[in-house]
Amino acid sequence: DAGVTQSPTHLIKTRGQHVTLRCSPISGHKSVSWYQQVLGQGPQFIFQYYEKEERGRGNFPDRFSARQFPNYSSELNVNALLLGDSALYLCASSLGLSESTDTQYFGPGTRLTVL
Amino acid sequence: GNSVTQMEGPVTLSEEAFLTINCTYTATGYPSLFWYVQYPGEGLQLLLKATKADDKGSNKGFEATYRKETTSFHLEKGSVQVSDSAVYFCALSGRYQKVTFGIGTKLQVIP
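Respectively, the protein sequence lines represent chains A and B.
Letter 47 of the first sequence, counting from 1, is numbered 47 in our numbering, and no numbers are missing.
Numbers in our numbering are just positions in the second sequence, counted from 1, shifted up by 115.
Keep in mind the hints are simulated off the structure, nothing from the lab.
As the structure is a computational prediction, the values presented were derived from the model and not from experiment.
Hints should not be assumed to be uniformly reliable.
As the list claims (entries may be wrong) - DSSO-like cross-link-like pairs, simulated, lysine-lysine; straight-line CA separation at most 27 Å:
(1) B:LYS192 - B:LYS167
(2) B:LYS183 - B:LYS164
(3) A:LYS30 - B:LYS164
(4) B:LYS221 - B:LYS175
(5) B:LYS221 - B:LYS192
(6) B:LYS183 - A:LYS30
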């Protein structure tokens with residue numbers, strides 16, 4: 001079975017631009033979460049979506065938004081990019097059956113560089 | 116809020132040495148605990164997990180036991196290999212499946 005897939009692999013943008021990152025979950029998984037991993041640090045939670053509804057949000061500004069589609073794929077949008085948004089953006093999927101015992105499976109990430 | 120504290124690296128070991136990476140946590144309720152591994156240039160891979168107190172997670176020779184009394188989930192391996200060189204993240208899963216990660220411990224195994 002295919003794992004979590006993300007596109008694009010790498011992306012270079014300039015300050016003030018907008019970016020859209022895409023994620024396809026493992027087949028059968030209904031929950032998708034997004035994380036930001038700055039170089040040298042652990043991933044930080046951005047959003048969780050389940051059945052197309054936002055269930056959780058981390059401490060990120062409103063420039064960050066996301067949505068989940070009927071096929072459970074997801075997009076992360078970031079507006080008005082700042083240099084500090086440069087990071088590896090990770091998508092994770094899970095069955096969504098249990099808040100605490102579900103295992104999240106991560107994609108390879110999208111490396112965003114903001115110049 | 117939830118938090119995870121793990122020993123900072125880098126940790127450098129000779130091949131076949133014993134590995135311990137310490138991890139402690141603070142959480143409300145009864146979280147699940149995880150170890151993820153990240154190889155250079157790649158995303159995160161689940162290494163092992165434990166969902167309740169006294170559970171032992173194990174995979175590829177790595178083990179960790181969920182210790183509620185000490186709020187710990189230390190990672191161990193009896194004999195490391197060069198191929199184990201990577202960054203290891205301790206993590207816990209809380210409400211809305213929000214996973215809280217530690218800072219990561221870089222392990223370098225030398226022949």
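Could you work out which of the previously given hints the structure breaks and list their numbers from low to high? 6
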